[in-house]
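K.L.:
For the record, the sequence lines run as chains H and Z. Quick note on numbering: the first sequence equals residues 1 to 351 in my numbering. Quick note on numbering: the second sequence equals residues 1 to 401 in my numbering.
No lab work stands behind these hints: they were computed from the structure. Fair warning: there could be bad hints in the mix.
Here are some chain Z residues the structure puts well away from chain H; computed CB gaps all over 10 Å [stated by the list, open to error]:
1. Thr-2
2. Ile-71
3. Met-97
4. Arg-125
5. Arg-149
6. His-171
7. Thr-223
8. Ala-227
9. Asp-278
10. Ala-293
11. Glu-326
12. Gly-383
One side only, chain Z facing chain H, incomplete, derived with CB under 10 Å [as the list claims (entries may be wrong)]:
13. Glu-224
14. Ala-226
15. Leu-229
16. Tyr-232
17. Gly-233
No residue lacks a Cβ here, since even glycine has one placed at the ideal position from N, Cα and C.
Here are the chains, one letter per residue:
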Amino acid sequence: MPLSSDHPLLDGRTGQSALIRAYRGERPDVTPVWFMRQAGRSLPEYREIRVGNAMLDACLTPELASEITLQPVRRHRVDAAIFFSDIVIPVKLAGIDVEIVPGRGPVIASPIRSASDVAALRPIDPAALDPIREAVAMTVAQLGSTPLIGFAGAPFTLASYLVEGGPSKDQQRARTMMYADPQSWATLLNWCADVSGEFLKAQIEAGASAAQLFDSWVGSLSEQQYVRRVAPHSKRALSHLRGFDVPKVHFGVGSGEVLKAMHDIGADVMGVDWRIPLDEASRRLGGDVPLQGNIDPALLGAPWHILEAHVRDVMDRGLSAPSHVVNLGHGVPPDTDPDVLSRIVGLVHGD
Amino acid sequence: MTDVTVVGGGVAGMVVARRLAMGGRSVTLVEASDHLGGTVSRHMVGGIDLDAGAESFATRGGTVAALAAEIGLGDEVVSPSTAGAWLQPVSGPAVAMPATNLLGIPGTPLAADVIAVIGQRAAIRAELDAIIPSLWARKSLTLGALVRRRMGAGVLEKLVAPIVHGVHSLHPDDIQLDRAAPGLRAALAREGSLAAAVRFMRDSAPAGSSVAGIRGGMHRLTTELAADLETYGVDVQLGRTAEPGSIGGTVVRAAPADPTAGRRIVLATLVVDAPQLDAAPRGTGLLVAQGAAGITARALTHSTAKWEWLRERAAGRHVLRLSYDEEPGKLQATALQDASALLGVRLDDSSVVDFARVEWLRPAASGAAAGVIQVGESVAGSGLAGVIRQAEAVAQELLAG
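Bound-form chain Z, shown alone (with noise of 0.2 Å):
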């Protein structure tokens, strides 16, 4: 007789089901596709096997990476390049992210690399925060109005809406200013501006890089966790949906309650030849303001630059990958097409040894209903670090109970 019956086979799934098997529980785990992992997965283009889904994690909290110790890949976090990443403006070439930034917004509004990207008007316009009184704009509900307010539209349209819509998928006039950054309001109220505040973050923020990979592929935390669940007992059954009457003990949903509600997210990734790449010309890759002229990708990852470990696997090969909000026609020739405007290196059919197409839906925020133990990204956001440590406490919670 089973314990506790686990719905959804991904990270949130694998870890409630993996802890409370440890913990001497009988637990049930029923994945309705023909594979655990969900977004964390692999595939192989070009004859490498690369992240078809998350290929980094925030470091905040050390969750993944205590997770990673305990599976056995400990030794296996990895930090990317210090080559950082670019920004793709409306207008213009590409520029590099100013070095001090929250979310895009500046710690230092004139300084030469937030010029580059704003223009010399709108950087003087994001300098009047340092005068506006501190209590200007402090009860802004959204990221958004925040930034308008204390530093003008050009700091928010050119650098805060691109980076945020590539961290959260969403305009920052669309994201609560607590959620996005926790702890900014308070730090403004105690600095007097909008870049102190930013400058005083940056500075108490733990050194080092805020995201790590895995070496070989954040894929191998799921064959890990597999391997777990079978170690210590877990029934996986696969190919098979949870009809009422069906599963047993407490169950835990780790699958959004609407498989179908969500944002659709399309990945191209393209295995190019190209030693023109081999300088990495736009760091570790770009993010790209809305209407950037003649770009439909909305954010582009150079992984070999990014990921040594990769660079070497790929021997001289270059991994780029695109994500896209909205399926454009030709995908392939797109992604070519925006990778060769946005690396401002001239790429054609011929230099493409392989390509791949991939469509994740990220499920909507929807909380958990009444009398469910739900976990995974509909009620932990988006994010490992966010996830794991959520269904973490949902197994402790039960253990404890």
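Same shape as in the complex, but just chain H (with noise of 0.2 Å):
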């Protein structure tokens, strides 16, 4: 099924935005620029909207969760709204008892560790999804010209969460049920695949212009463990946008080993951590994949001119793939300084 022609995508507002036409491989005039968690915790403004407001109800209320996606765009002037939700969303609309405990992160109350657990999981109904729908619908009725980027976790990363009852150091558990029960654990991925690519479907069919899909912990697996135990079922999650001409983003932390073959799961553009430079990163993977990063999120913190130097180094080095879309290595730190932010955008865009 395609997209409505009432898509910002189509209908002219975002086609021709500086972000799509990188993603597409394009150089536009000015380099566009968002920043991976650009909305949430480092703004002011933010944390006085989440007062009495736990995270995920947050996420859930649709005026919330849009109001959050634009404050950053209001602020620093990004060439993009990534929406603002958390990777356990769709779980928790799924039917997963999850909570995000300040301090710690997602909270799984019943971990999935054995092949009843898995069993008894239920797919997701579509309609559980419908104040994501409608919380991106209100965001892209007022973003005009700038595109709205769909987010998703990745299954291996999402089931990690599920096996490990929470955010865990090495990923143990889960790396040790991809061997113990390899078919529990294909069920598992597969269960992730789908409930993940309807939550990015949902999103991509109520607004956003493209779609990206975090493997945050990735960088936990051999080159070996992803492409057999993993890369099928990321390969799945995507699989739920056939039919829409959006541009797939991929990104994973510490994915250096693994980058090649993250992009082979059906990727158009590849996010980079801090961990390689963009000239190596575009070597490895050919030379002709769109790359977006990677700025060192440790010198956001740094005085201004060595953080300039970076991001201007960040740049000359992007300059080695087809197109450029400046980010971070990963997320926004929760002590950020929003101005720095600001002044970065300001500095990739030539003002």
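Assembly of the complex is requested from the two constituent chains, each provided in isolation within its own frame, with the hints serving as guidance.
P.N.:
So this is what it looks like as structure tokens:
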């Protein structure tokens, strides 16, 4: 099923935006820039609006999710909005008891550890995603020509949360299950792929102009593990967007070993973390893949002249790819001074 | 809507379904029993996970090893112990298998290890092979006819018959020469004698063992293939038969057309506490000549002597597996008696930790009916290497078509 004719990508609003053109491999006059986790915790206006609202409740209240998504676009004049949500939102909407514990992250009440836990998982009801569609529609109505990027967690990262019961250092339980019970592992990852895939699809249908699949913890895998036990499921997640001509971005932390394999799941654009320079990433990808990244978030707290030199270096190295969207190499740290982000946008835009 | 329905969830069916699904086809697999894998399956005996069916594979062509590598078991392919197999002749004590032989046909008929098995008279008769004109018996249809005419009945019945029976479960008179030993007929013409042909073929075989296993058991193939079916989205339906009209798309038959036709084989597995077996008195096991006095089993595998990983896992105990063409009345007692006689070690009930009986039906060779796409043992013959190669070829054809 194609996108509807009043979708922002088709009705003239975002199709020729700098972000979409760069995602499609063109070089617009001005290099586009946005920041992973730009919406949320680093902004005072966000902290104000969140008072009295639990994190996941905010994600599921369309007015709040939409407003939080728009805040950084107004403040920083970035070239894209990223939908404010959390990777566990679709899991919650599929019936899993999960909460975000401040200072810790998502905590699953009953971790999925046995074959029977996996067998008990039920597919997500498409109607459960209505609050997401509503929030996206409200957001794109106000974004005008700025594209909204849809967002979802990749199956491995999502499954790791479910198996571990929350954030973990090296996803050991999850990786054990991968070998001890490969069939249940495959079933679980397919479930995660379908849940994330539907979540992404709902955002695209409601008006998002691009999609980004995050595999935050892919860095704990060997290339062989990734290719055999994970990549087919990530591919399955993206397959939910079949028929939609939207750019698909894939990003993982610590992805140097598997960058090429991650691209091979069907991504159009690769997000690169701060560990490898963009020219090296481009070389590993064969030189014909648009890149996104990869300012080291640690430098956001450094004196401006150091950060400025780093951003210029990132942009220089980005020239080795067919096109480049400036971003961080990971999410915005919570203690970041928002003015620094605005200043980076000015630098990238050449203001 | 399903593109392909695979009927039968043994290794052949799983291999076809997996390859088609990876190639983007939508695949349904129906299996009548409640589990996948067919004869490549697992059972627990004495607390040890063991192969209930196939326990090794032929390395020829690299077919099985290539699949193992693809499904993440590449580092788990292991060679059996070099201790070698033994033979239980019709009479007398068990003897080590002659070092140079092809399906039991000796490369040096007068070698001491050959004389030990067939006796001096029979060995001298076999040596005549060297002076009989090379044209003699070249047109023999069966393996049995060729060996009898060139080397005599001694070699045939005492050496070749037990080994051929162990591999193909047939007497050499009932198996075509070119199927049992491809290339042997041409080598005979070129080398001038059967013994020289055997030596030539052994010399030109690749180094290393002709069989291999998987650390942890062959059943790991089934586990990994089942996971792949899940990963690549094959719709697996267990406990379901394929009634005509209830299945869609192109149909691949991966089960024999007649599930009751074939040969029954009974496997008796003994886990025993018997330190006398630590020395592996009969190497990796024995093949039994037909008519061997007082023995009912056709073969015995000393699994813990054959596989290093299993020896470690068994923690001092021993695993023995005996195969029977005809099941004796008291299987456990007979297996214990046979094992004692074959291994030359006294084993009694007190040494038995656990016992298991498994029955398999080896489907008769049938060939595929017209218009039916068939994979599996009934068309590819026995052995995983042939079954997997044929299944992969069928999948490639379907993907190309």
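K.L.:
Each of the hints needs a verdict: does it hold here or not?
P.N.:
Outcome of the hint check:
1. Every CB of chain H lies more than 10 Å from the CB of Z:Thr-2, the least distance being 17 Å, so the non-interface label holds.
2. Not every Cβ of chain H is farther than 10 Å from the Cβ of Z:Ile-71; the closest lies at roughly 8 Å, contradicting the non-interface assignment.
3. Every CB of chain H is more than 10 Å from the CB of Z:Met-97 (nearest about 38 Å), matching its label as outside the interface.
4. Listed as outside the interface, Z:Arg-125 is consistent with that label: its C-beta sits roughly 56 Å from the nearest C-beta of chain H, beyond the 10 Å cut-off.
5. Distance check on Z:Arg-149: its Cβ is at least 53 Å (rounded) from any Cβ of chain H, clearing the 10 Å threshold; non-interface status holds.
6. Z:His-171, annotated as away from the interface, keeps every beta carbon of chain H farther than 10 Å; the closest lies near 42 Å.
7. Residue placement check: Z:Thr-223 does not keep its beta carbon more than 10 Å from all beta carbons of chain H (closest about 6 Å).
8. A cut-off of 10 Å between C-beta atoms contradicts the statement that Z:Ala-227 is not in contact with chain H; the least separation is 4 Å.
9. Its beta-carbon lying about 31 Å from the closest one in chain H, Z:Asp-278 satisfies the requirement of being farther than 10 Å from that chain.
10. For Z:Ala-293, the condition that its CB be more than 10 Å from all CB atoms of chain H holds, with the nearest at approximately 48 Å.
11. Distance check for Z:Glu-326 against chain H: the nearest CB is about 37 Å away, which clears 10 Å, and the non-interface claim stands.
12. Distance check for Z:Gly-383 against chain H: the nearest CB is about 26 Å away, which clears 10 Å, and the non-interface claim stands.
13. Residue-level restraint check for Z:Glu-224 holds (minimum Cβ-Cβ distance to chain H is 6 Å; threshold 10 Å).
14. The beta carbon of Z:Ala-226 is positioned within 10 Å of a beta carbon in chain H (closest approach about 5 Å), and the interface hint is therefore held.
15. At about 8 Å, the closest approach between the beta carbon of Z:Leu-229 and any beta carbon in chain H falls short of 10 Å, and the interface hint on this residue holds.
16. Here the hint on Z:Tyr-232 is kept, as its CB sits about 6 Å from the closest CB of chain H, short of 10 Å.
17. For Z:Gly-233, the suggested interface contact is upheld, since its CB lies about 7 Å from the closest CB of chain H, less than 10 Å.
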